Amino acid sequence: MEILISILIGVALMEAYAWLDPLAKWLIDRAAQKLPEGSRDAFTEQWAADLEAMPNSIAKIVFAFRNCTLDVANIADEIGREGFEAAADKFDDFVDNNIVALDQVLQEQMIRLQENERPVNRLLSALNTSLEHLEYWEKNTNDDARKAISHFRAVSPSVIGPFSEFHSQLDQRQANFETLTVGLRQSVALAVETSQRVRRRLLDDTPIDDSVDQQLADLFTERVNNIGKAITDISEYFLTTKLVVPQNIAPNVKVVVDALTAAASAIKQGRS
Amino acid sequence: MAKRADPRLSHQTLRVLKVFLAGPKEGLAGSDIWKAIGLFSGTVYPMLLRLEHAGWLKGDWEKLPPSELGRPRKRIYQLTPLGYNKTREALSALDIHVGSPAWKY
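Read top to bottom, the protein sequences are chains W and L.
Using our numbering, read the first sequence as starting at 1 and increasing by one per residue.
Using our numbering, read the second sequence as starting at 273 and increasing by one per residue.
For the record, the hints were derived by calculation from the structure and aren't laboratory data.
What you are looking at is a predicted structure, and each value in this text was computed from that prediction instead of being measured.
Using N, Cα and C, we set each Cβ at its ideal position, and we do this for glycine too.
A portion of the hints provided could be inaccurate.
[To be verified] Under the rule of at most 25 Å between Cα atoms (straight-line distance), these lysine-lysine pairs were calculated in the PhoX-like manner:
| hint | chain 1 | residue 1 | chain 2 | residue 2 |
| --- | --- | --- | --- | --- |
| 1 | L | 307 | L | 290 |
| 2 | L | 290 | L | 330 |
| 3 | L | 307 | W | 25 |
| 4 | L | 307 | L | 335 |
| 5 | W | 90 | L | 297 |
| 6 | W | 147 | W | 25 |
| 7 | L | 297 | L | 358 |
| 8 | L | 330 | L | 307 |
| 9 | W | 25 | W | 139 |
| 10 | L | 330 | L | 297 |
| 11 | L | 335 | W | 25 |
| 12 | W | 90 | L | 307 |
[Claimed, not checked] Where chain L lies over chain W, by a calculated footprint (3+ residues, C-beta under 8 Å):
| hint | stretch |
| --- | --- |
| 13 | 140 to 151 |
| 14 | 259 to 269 |
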């Protein structure tokens, strides 16, 4: 009987021993499932290589349990920190390489818009001032001068009209541009603030928490995406809205300038 | 380009780095390191990740496929020139002598 029991125990132990290697492998696979998806395969392979270096099946089980199952939380935490840090680094690079340059381009564009507006402003204000002055003289001069002034008044809308239209387009464009640029700067400021929160979180040694830290990661992603949206809005605005510049206006300008010169000369003659 | 911060240099991290300085030029696998310093792999691997991320270590999988090796591939870590200089700097700041004395050669 004792011999039979000994044999049975021996067989059971041999059987159990045969199961130790697959059990160690199973523990490794199970531990790897607790890691972020992108790191699972690499760690499974690395741990499998470590397992092979173990002298026997008992050591393999001890390794799999102590180094993989119990320590996987540490590794997941480190990978989480790594992900956070990589995202913050990537964002800083993005700001350094793109946003600073883009902001400069936007500022230059704004200056160009203001420069475009200046001569149009000058022309319109010169024509309006001339009209005001001529209105005064209209009451105090002879018939020829009044006819000349009336002619000027009749032809001037052919220039004032298109340029006023162009001027209001420039105004509108500046206002929209300002809104879009402010939107972009606000998005960048919010993302920078979140990036700093991520950096501060990395200085804190408490383990990465799936629920709380995921919220921070999501917020960061959302704010970085908002920058992308703001940039898309700006580029779409420029691609879809074109300035309609007054075309073939030179002959009209000549007619108006001639009419103004004629009116001035008629007033001068009337006075003399 | 955002400058990578230097990794935290705990006592254990310095021990890991010291193993690299004394180790073979062709690099070390994770198991070589944790066996050499008697730490658990769960402690060593996060350190290796951190050092690799900081650019102090470079990790590469063995070139041959597992079918030819007859075992799973190992990831081999090597000190980069940056890691080498930084490690020597950190260890000499602590007055820890590394390598063999010059008169031995």
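Each hint, compared with the structure:
1. With a CA separation close to 14 Å, the supplied pair residue 307 of chain L and residue 290 of chain L stays within the 25 Å bound.
2. The straight-line distance between the Cα atoms of residue 290 of chain L and residue 330 of chain L is roughly 16 Å, inside the 25 Å bound, and the hint therefore holds.
3. Annotation: proposed proximity of residue 307 of chain L to residue 25 of chain W holds, straight-line Cα distance about 20 Å (limit 25 Å).
4. For the hint pairing residue 307 of chain L with residue 335 of chain L, the CA-to-CA distance comes to about 23 Å; that is within 25 Å, so the pair holds.
5. With a C-alpha separation of about 32 Å, the suggested pairing of residue 90 of chain W with residue 297 of chain L is violated against the 25 Å cut-off.
6. Note on residue 147 of chain W and residue 25 of chain W: the hinted pairing is violated, with a Cα-Cα distance of about 104 Å set against a maximum of 25 Å.
7. Of the pairs offered as hints, the one joining residue 297 of chain L and residue 358 of chain L holds, with about 17 Å between alpha carbons and a cut-off of 25 Å not exceeded.
8. Proposed proximity of residue 330 of chain L and residue 307 of chain L is supported: the alpha carbons are some 20 Å apart, at most 25 Å.
9. Our distance criterion of 25 Å between C-alpha atoms is broken by residue 25 of chain W and residue 139 of chain W, whose separation comes to about 106 Å.
10. Using a Cα cut-off of 25 Å, the hinted pair residue 330 of chain L and residue 297 of chain L holds, with the two alpha carbons roughly 12 Å apart.
11. For the proposed pair residue 335 of chain L and residue 25 of chain W, the alpha carbon gap of about 23 Å is at most 25 Å, so the pair holds.
12. For the given pair, residue 90 of chain W sits about 35 Å from residue 307 of chain L by alpha-carbon distance, which is inconsistent with the 25 Å threshold.
13. Requiring three or more residues with a Cβ within less than 8 Å of a Cβ of chain L, the coverage given for the stretch 140 to 151 of chain W is violated, as only 0 such residues are present.
14. Counting residues of the stretch 259 to 269 of chain W whose beta carbon lies closer than 8 Å to any beta carbon of chain L gives 0, which falls below the threshold of three, so the coverage claim is violated.
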